[in-house]
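Protein chains in written order, with my numbering: chain B, 1 to 163; chain G, 164 to 462.
The set of hints was computed from the structure by calculation and includes no laboratory data.
Check the hints yourself; a few may be wrong.
Label-pair restraints from in silico Cβ distances [claimed, not checked]:
hint : chain 1 : residue 1 : chain 2 : residue 2 : range
1    : B       : GLY127    : G       : PRO418    : 26 to 32 Å
2    : B       : GLY130    : G       : GLY312    : 28 to 34 Å
3    : B       : ARG137    : G       : PRO434    : 45 to 51 Å
4    : G       : PHE219    : B       : GLY127    : 25 to 31 Å
Facing chain G, from chain B, some residues (calculated, C-beta under 10 Å) [what the hints assert, rightly or not]:
hint : residue
5    : ALA17
6    : VAL28
7    : ASP33
8    : LEU60
9    : LEU68
10   : ALA72
11   : VAL76
12   : GLY79
13   : TYR90
14   : ASP135
15   : ARG138
16   : GLY154
Capping the alpha-carbon separation at 20 Å, the derived lysine to any residue pairs in SDA-like fashion look like this [to be verified]:
hint : chain 1 : residue 1 : chain 2 : residue 2
17   : B       : LYS94     : G       : LEU181
18   : B       : LYS94     : G       : ALA189
19   : G       : LYS260    : G       : ASP323
20   : B       : LYS94     : G       : ASP323
21   : B       : LYS94     : B       : PRO55
A virtual CB, placed ideally from N, CA and C, is assigned to each residue, including glycine.
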Amino acid sequence: MIGTRRTRTNIGWPRIAGITLLALVASVAPLPDWLDLMRPDFVALIVLWFSLLSPRLTGLGHAWGAGLALDAFRGVLLGQHALSLIVIAYVAAKLRLQIRAFPPLQQSAVILALLFLNEFLQFWIDGVAGHPVTDWRRWLAVPVGAACWPLVVGFCTRFAARR
Amino acid sequence: MSLHEPDSRPLLLGGPALGLRLIVLALISAGLMVADHRHHQLAVIRDWLSAAVYPFQWAVQAPLAAWTATRESLSSRSRIEADNVRLAADNFVLRLKLMRFESLEQENQRLRAARESTARVVERTLVAEIVRVDLDPFRQRVLVNKGTGDGVFRGQAALDANGIFGQVTRAGPISAELILISDPEHAIPVQVNRTGARSIALGTGRSGLLSLPYLPQNADVVVGDLLVSSGLGGVYPPGYPVGRITTVKRDTGQPLLSVEAEPLAALDRDPEVLLVWFDSGVVEPEPEPEAPASPAQAE
Numbered sequence: 001m002i003g004t005r006r007t008r009t010n011i012g013w014p015r016i017a018g019i020t021l022l023a024l025v026a027s028v029a030p031l032p033d034w035l036d037l038m039r040p041d042f043v044a045l046i047v048l049w050f051s052l053l054s055p056r057l058t059g060l061g062h063a064w065g066a067g068l069a070l071d072a073f074r075g076v077l078l079g080q081h082a083l084s085l086i087v088i089a090y091v092a093a094k095l096r097l098q099i100r101a102f103p104p105l106q107q108s109a110v111i112l113a114l115l116f117l118n119e120f121l122q123f124w125i126d127g128v129a130g131h132p133v134t135d136w137r138r139w140l141a142v143p144v145g146a147a148c149w150p151l152v153v154g155f156c157t158r159f160a161a162r163r
Numbered sequence: 164m165s166l167h168e169p170d171s172r173p174l175l176l177g178g179p180a181l182g183l184r185l186i187v188l189a190l191i192s193a194g195l196m197v198a199d200h201r202h203h204q205l206a207v208i209r210d211w212l213s214a215a216v217y218p219f220q221w222a223v224q225a226p227l228a229a230w231t232a233t234r235e236s237l238s239s240r241s242r243i244e245a246d247n248v249r250l251a252a253d254n255f256v257l258r259l260k261l262m263r264f265e266s267l268e269q270e271n272q273r274l275r276a277a278r279e280s281t282a283r284v285v286e287r288t289l290v291a292e293i294v295r296v297d298l299d300p301f302r303q304r305v306l307v308n309k310g311t312g313d314g315v316f317r318g319q320a321a322l323d324a325n326g327i328f329g330q331v332t333r334a335g336p337i338s339a340e341l342i343l344i345s346d347p348e349h350a351i352p353v354q355v356n357r358t359g360a361r362s363i364a365l366g367t368g369r370s371g372l373l374s375l376p377y378l379p380q381n382a383d384v385v386v387g388d389l390l391v392s393s394g395l396g397g398v399y400p401p402g403y404p405v406g407r408i409t410t411v412k413r414d415t416g417q418p419l420l421s422v423e424a425e426p427l428a429a430l431d432r433d434p435e436v437l438l439v440w441f442d443s444g445v446v447e448p449e450p451e452p453e454a455p456a457s458p459a460q461a462e
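Chain B on its own, in the form it takes in the complex:
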C-alpha cells in the first residue's frame, strides 16, 4: 500500500513515461472476451498512484496526457478519458494525505469510489455524445480495478525504486 513504505518520489520522466506506456498497452492488449469485459482501467490506476504519491511529481498534466493517449489508442471521442482522469487525479491529490494514512482495505475502498467516479464520467460522456452503453457489465471493471490496486501499487513501487 502507498504510505506503508517509503517510496522514492523523485522518479525521472523516462520511468513515468514507461509506466504510462505499459498501462496503455495493458488497456488494449488482446484478451479473451470474458476477460476483456472485466479488464480494469489500468491507466486510471496508475494515474491515481502518481497522484497519491506526489501531485508535485506529475501534476494534472500527466493525467491529461495519459487520458488523451488512451482516447487515441481506443479510438473514442478525443478528450473523454482525459476529462475523467483529471477529475479523479484532482480528487486523489486533494485527499492524498488522508488516503495515504488509511489501512490497506480502506485505501482500496477509496480507490473503488474513485474508479466508480471515473467510470460514471465515461458513462455520462458516452450518453451525452449519443452512444450510451447501458450494459451493466461495463461496471465490472470498477471492482476488479479496486481489487487490482495492491498489485498496481506493488508493481509501480518496485518499478520506480529500481536503480
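With chain B fixed as given, assemble chain G onto it according to the hints.
Just chain G now, with coordinates in the frame of chain B:
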C-alpha cells in the same frame, strides 16, 4: 534507502493552483470533445494521432500474431493435406457455380443496359488484416492495417468471405478503424432475398445478433430467410449477404414485428477482411413508406 535523502524539489507547487489547472484542462477537454463530436474539425489531428499510436497497437498484438504464425507453420502435414482436399472440393463446387454466374452476369448487364441503370458491381478489392487489439468491449470496432495510403476512405464497405462485415469510420494514413454491422450505432439497409421486402438491420452490440425493428406485422418474413444488402444509401454494394433471420416474434398488440437476424460474416473470428470499391452510382428514387432509406450511418 535513507529517510533523509536530499530533495531538491521546490517546496511549493510552481505555476497556478491545482484547482485552476483542473478547470483549464477540463475546459480544454470539453472543447476537444465538442470539436471532435459535433464538427469533425479534428479529423486531421485524429488521423495523425492514429498513425502515431499504430506502431504501439501493432506491437501489442505482435507476440500473439507471431504465436499464431508459428503454430500454423508447425501444423501437421496430415491437417494440411485434409485442408487441401477440402479446399479442392470447395473450389470444384465454386467453379461450377461460377460457370453459371458468368452467363447470368452478362444477362444481368444486358437487362440493366436496357433499363439504363448502373449495375453497381464491385470493381476493386483490397485485403486488410485485422490488428488484434481490444478497442472497447461494448463497441463493435476493429482496427485494420490499411489506411489512406492504400486508398482506403471513410465510409468504405468491408466484406468477408461470407457476407458484409462493416464500413470504415476513420481512415488514418496507415491504419483504419472499421465499425461492424453489429455495432449498436450501425444500421444497414437490407432486403429479404426471397420476397424483396426492404428494411433496415440495426446492430445490437453483440456480434451474433442484428435486429430489424421496422418490419410491419403483415410483412412476409420467416425464420431462415436470407437478408442481402439493398444498396440504398450507396455505402454497401447491393446484393451481398448480410444475415439470416433467426427469430420472428408476432405480437398482435404491437404495430411492428420483432425480428432478429444472425450476421453471416464471421464478425468475431475473421483474421482479415476485404475492402471494396464499387461504383455507388445514383440511388434509385424508389419510395418506401415503411422503411425510410436512410444511409447506414456511423457516427
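How the hints compare with the structure:
1. Separated by about 28 Å at the C-beta atoms, GLY127(B) and PRO418(G) satisfy the suggested range of 26 to 32 Å.
2. At roughly 31 Å, the beta carbons of GLY130(B) and GLY312(G) sit within the given window of 28 to 34 Å.
3. For the pair ARG137(B) and PRO434(G), the beta carbons lie near 26 Å from each other, so the given range of 45 to 51 Å is not met.
4. Distance hint for PHE219(G) and GLY127(B): a CB-CB separation of about 29 Å, consistent with the stated range 25 to 31 Å.
5. Because the closest C-beta pair between ALA17(B) and chain G is about 12 Å apart, greater than 10 Å, the hint is violated.
6. Hint status for VAL28(B) relative to chain G: holds, with the closest Cβ pair at about 4 Å, below 10 Å.
7. Taking 10 Å as the C-beta contact cut-off toward chain G, the hint placing ASP33(B) at the interface holds, the least distance being around 7 Å.
8. With a least beta-carbon distance of about 5 Å to chain G, the hint placing LEU60(B) at the interface is held under the 10 Å criterion.
9. Among the interface hints, the one on LEU68(B) holds; its C-beta lies about 8 Å from the nearest C-beta in chain G, closer than the 10 Å criterion.
10. A cut of 10 Å between beta carbons decides the hint on ALA72(B): the least distance to chain G is about 4 Å, and the hint holds.
11. Interface restraint check: VAL76(B) against chain G, minimum CB-CB distance 7 Å, threshold 10 Å, status holds.
12. A least Cβ separation of about 4 Å between GLY79(B) and chain G falls short of the 10 Å threshold, and the interface hint therefore holds.
13. This hint holds: TYR90(B) has a C-beta 5 Å from the nearest C-beta of chain G, less than the 10 Å allowed.
14. Evaluation of the ASP135(B) hint against chain G yields a held restraint, the C-beta minimum of about 6 Å falling below 10 Å.
15. Given the 10 Å rule on beta carbons, the hint for ARG138(B) holds: about 6 Å separates it from the nearest Cβ of chain G.
16. Violation of the interface hint for GLY154(B) is found here, the shortest Cβ-Cβ separation to chain G being roughly 16 Å, above the 10 Å cut-off.
17. The straight-line distance between the Cα atoms of LYS94(B) and LEU181(G) is roughly 9 Å, inside the 20 Å bound, and the hint therefore holds.
18. For the proposed pair LYS94(B) and ALA189(G), the alpha carbon gap of about 17 Å is at most 20 Å, so the pair holds.
19. For the hint pairing LYS260(G) with ASP323(G), the CA-to-CA distance comes to about 19 Å; that is within 20 Å, so the pair holds.
20. Taking the CA atoms of LYS94(B) and ASP323(G), the gap is near 52 Å; set against the 20 Å cutoff, the hint is violated.
21. For the hint pairing LYS94(B) with PRO55(B), the CA-to-CA distance comes to about 9 Å; that is within 20 Å, so the pair holds.
Hint compliance for this structure: hints 3, 5, 16, 20 are broken, all remaining hints hold.
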